[in-house]
Amino acid sequence: MTQKNDKNIIPQSDDYCFSTTLDAKNSFTYQGNNASSINEYFDKIPNDKNFLAKGTASDKYDRYSKIPHASYEFKIPLDVLGRSNNYGFYISVFDAHSQNYYSWPYNIQNQTSISSPSQWGDLVSPDNSLPEFNFSIFLSSLIPMIMLITIITNFRISKNSG
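In terms of my numbering, the sequence shown opens at residue 603 and continues consecutively.
If you're looking for bench data, these hints aren't it; they were derived computationally from the structure. Warning: the hint list may mix true and false statements.
[Stated by the list, open to error] Using 27 Å as the maximum straight-line C-alpha spacing, the simulated DSSO-like pairs for lysine-lysine come out as follows: (1) Lys609 / Lys677; (2) Lys662 / Lys606; (3) Lys668 / Lys606; (4) Lys668 / Lys656; (5) Lys662 / Lys677; (6) Lys646 / Lys662; (7) Lys677 / Lys606; (8) Lys651 / Lys677; (9) Lys656 / Lys627; (10) Lys662 / Lys609; (11) Lys668 / Lys627; (12) Lys662 / Lys627; (13) Lys651 / Lys668; (14) Lys646 / Lys668; (15) Lys651 / Lys606; (16) Lys609 / Lys627; (17) Lys606 / Lys627; (18) Lys609 / Lys668.
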């Protein structure tokens with residue numbers, strides 16, 4: 603992921619790769635270095651203290667699909683990327699069972715390494731702010747909504763029974 607999204611062929615220091623594996627306890631951050639290294643043009647760097655990544659398998663109780671599937675979640679602090687209205691974005695998943703890579707954008711040819719930022723897609727944030735909510739904001743908006751739903755429900759019940 604990149605904040606500048608300048609589509610350079612060689613990853614720059616503002617280009618990052620965030621990685622995790624299915625059911626793994628560890629996640630990793632890589633940063634573009636503009637020079638070839640172990641993982642082509644990315645160096646492994648320490649994770650930000652607020653970075654989280656998790657990969658898990660769904661079960662029959664998944665509310666989106668009863669078909670078992672992998673699910674990955676990332677919490678990437680804006681302190682790492684900075685605010686932008688257009689982020690370069692690339693995702694790749696390796697299915698060890700089928701020995702296949704799946705990615706977006708779809709047309710990327712070399713799936714054995716981190717793709718060049720010149721091939722990454724766009725993640726658009728028109729107001730320069732990807733949503734990042736803290737718990738107090740979440741609660742302060744959730745409680746009035748619950749109260750409103752309760753009032754409307756009670757009103758409908760009393761109207762139908764009377």
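Here is what the structure says about each hint:
1. Lys609 / Lys677: Roughly 23 Å separates the two Cα atoms, so the pair holds.
2. Lys662 / Lys606: Not satisfied, since the Cα-Cα distance of roughly 41 Å exceeds 27 Å.
3. Lys668 / Lys606: Answer violated: lysine 668 to lysine 606 is near 39 Å, above 27 Å.
4. Lys668 / Lys656: holds (20 Å)
5. Lys662 / Lys677: holds (25 Å)
6. Lys646 / Lys662: Distance ~36 Å between lysine 646 and lysine 662 Cα, so the pair is violated.
7. Lys677 / Lys606: Holds, at about 19 Å.
8. Lys651 / Lys677: Holds - the C-alpha atoms of lysine 677 and lysine 651 are around 11 Å apart, at most 27 Å.
9. Lys656 / Lys627: holds (8 Å)
10. Lys662 / Lys609: Not OK: lysine 662 and lysine 609 at ~41 Å, beyond 27 Å, violated.
11. Lys668 / Lys627: Roughly 25 Å separates the two Cα atoms, so the pair holds.
12. Lys662 / Lys627: At roughly 23 Å apart (the allowed maximum being 27 Å), lysine 627 and lysine 662 satisfy the hint.
13. Lys651 / Lys668: violated (34 Å)
14. Lys646 / Lys668: Violated, because 36 Å separates the two Cα atoms, which is more than 27 Å.
15. Lys651 / Lys606: This hinted pair holds, its Cα atoms lying about 23 Å apart.
16. Lys609 / Lys627: violated (32 Å)
17. Lys606 / Lys627: violated (30 Å)
18. Lys609 / Lys668: violated (38 Å)
The earlier numbered hints that this structure contradicts are 2, 3, 6, 10, 13, 14, 16, 17, 18.
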